[in-house]
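Engineer: Given next are the chains, with one letter for each unit.
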Amino acid sequence: MANFSTPPPPPGRPELSRWKLAFLMNVPSLILMGAVLVFPLFYAAYLSVSKVKIGELRRGFPFPFHGWGNYAELFQDPLFLLSLKNTFVFAAVVVVAELILGLAIALLINQQRLWLSRVSRLLVLLPYAIPPIANGLIWVYIYNFKLGFLNRVLYQVGLIDNYINWTGVPETALYALTVPYIWRTLPFAILLFHAALQGIPPELYEAAEIDGAGAWHAFWHITLPMLRPMLAVVLLLRTSFAFLVFDEVLAITQGGPGDVTWVASWFTYRRSFAPPFNIGLGSASAYVLALIIGILAIFYVKLLYRKVN
Amino acid sequence: MRSTRTKSAFLNLANLLLILFLLFPIVAVVQGSLMSEKTVHVDIHAVIPPEVTLENFVLVLTQGKYRGEVNTSITSTYMPDNIKTFYRAFLNSLVIALSVTLLTLVLGSFSAYTIVRLRFRWTFWFLQSNLVARFVPLISLMIPLFVVGRSLGLINSLTGVILAEAGFLLPYAILILAPYFQSLPNELEDAACVDGCTRFGAFIRVILPLSAPGLTACGVIMFIVSWHELLIPLVLNAQVDYMTLPMVLSSLVGDTNILFNVMMALALLSLIPTLVMVLLLQKYVVHGLASGALKG
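If you're matching them up, the sequences are chains A and B in order. Per our numbering, the very first residue in the first sequence carries number 1; after that it's consecutive. Per our numbering, the very first residue in the second sequence carries number 310; after that it's consecutive.
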């Protein structure tokens, strides 16, 4: 690389062609991404059709071929099906909540004249700073049955007389798990909606006002249609990331009580990196997850490029 | 007039609720970390702790050596091992986050520049692959990375974690940086080239310094994501020497002996670096997050 940054080339010396320069500048990125992103994806496909448990792992490459065996085992495993179902429920609750709350809060902090809105605008990014696992542990304390912060507050305010076991009972555990996750990831949705709101030309609202349209009418006929591309972007991004929730599950419920909060990435992690160390099965379940999200990714790319052109 | 007043009263109330919601976990972690052991156990209804103490922080920051007067049961019976390696973990996290930031900034700016300025069909494909790469689930990469890293001897090292995190975050860095380079006028390099600079020289001396806000935005986000990362080090590293702060936190999970006051002190200490960053560099974080999600 050193010879690129040498002082002005002597007259007549040809500069590198644009193509060569573009290629050379991308070599390091391509190598790193090839090693960490592309190769592992193919290797995971190979592992998912191989029989790899702790014994095979010790003996090393190559692993015995297992065909569709892991996938067959996967879809007969009630725990995997439950994990998949929980993942869908979790993602649906999270995404619906974030779309509604994100838009409402973006509109709220967009109020220029209220000084409290300016305070909110300063604080809205705060959850983004919190490490997910720290967030998880904080909510372990908040939700704790006997000593937790939430029960303390609700008791002092006078809303409850007896402490509630938020994460310990099957009926509420999965929904209790959505709140910490929504809290941590909401800034992203708010931010994107807020950016989109600022991109709407104010003349549109002025024109509507002259026509005598109310605030509600303006929201339905100007704000919402103008935000439609952004709504789709947030929907796709948030859905695919909510599918991968891991840290909060690890911290707060570890899949419990019983197995009511097992989700897909927790299933993959536990099957692969805890006894019985079934790497093959774990890879198969990771691949199912990757395929579901891959479909969302295709929609995302199409959406962005339709918008550009 | 009345309706305007009702409206702003309603909006102020909504703002108050929002602020309460945003601060709730922060208040919880601060309250928890200031409690004495006795408050945790005996005064189970107290929101404002009757006994306020900083000894939980002292306990963590002296790596368990100074146990204080209010933390009696930890003195006599139990002390999580990983608290004894707090500084080690902090340092590991810092080394990893800084290396990942540097690596993604250098490689990311090279790639982002070529994508927006030296346009070819393949650079366009590369950009689209980066959009798709953002969607690759980390968990599906971790199994092969573990299996391969194991045979290459990259397990239980900081290098393995740095490379894995940098590679995983690189597409994101490129997506954040590309719009910044695109926003600079094309004439800049031409002017530099007239003065006898090579194109690469113009990139280094003209474009990069002018993109400082974009590089800051990208760097802050890379540092934050790396500081928060749990799964990659958790899978690749197991030895105490290579633990990161999130790993120390995760090792407290399900430990029924640890008390909330110590746990919250540790959680609070681990979130302070990125909290300070976000508060100081808020403008950059906002720009980076928005451009990384949209353009390309």
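Calculated directly from the structure, the hints in this document are not laboratory data. Here a beta-carbon is modelled for each residue, glycine too, at the ideal position from N, C-alpha and C. Check each hint, because a few of them may be wrong.
What the hints assert, rightly or not - No farther apart than 30 Å at their CA atoms in a straight line, the calculated lysine-lysine pairs in the DSS-like style are these:
#1 A:K85 <-> A:K302
#2 B:K374 <-> B:K393
#3 A:K51 <-> A:K20
#4 A:K53 <-> A:K85
#5 A:K146 <-> B:K592
#6 B:K393 <-> A:K146
Stated by the list, open to error - Covered by chain A, per the in silico footprint, the following chain B stretches (three or more residues, Cβ under 8 Å):
#7 352-359
#8 362-368
#9 390-404
#10 555-566
Claimed, not checked - One side only, chain A facing chain B, incomplete, derived with CB under 7 Å:
#11 L21
#12 L116
#13 L126
#14 I133
#15 A134
#16 Y155
#17 G158
Engineer: Hint compliance check: list the failing hint numbers for this structure, sorted ascending.
Structural biologist: Failing hints, ascending: 3, 5, 8, 9 and 17.
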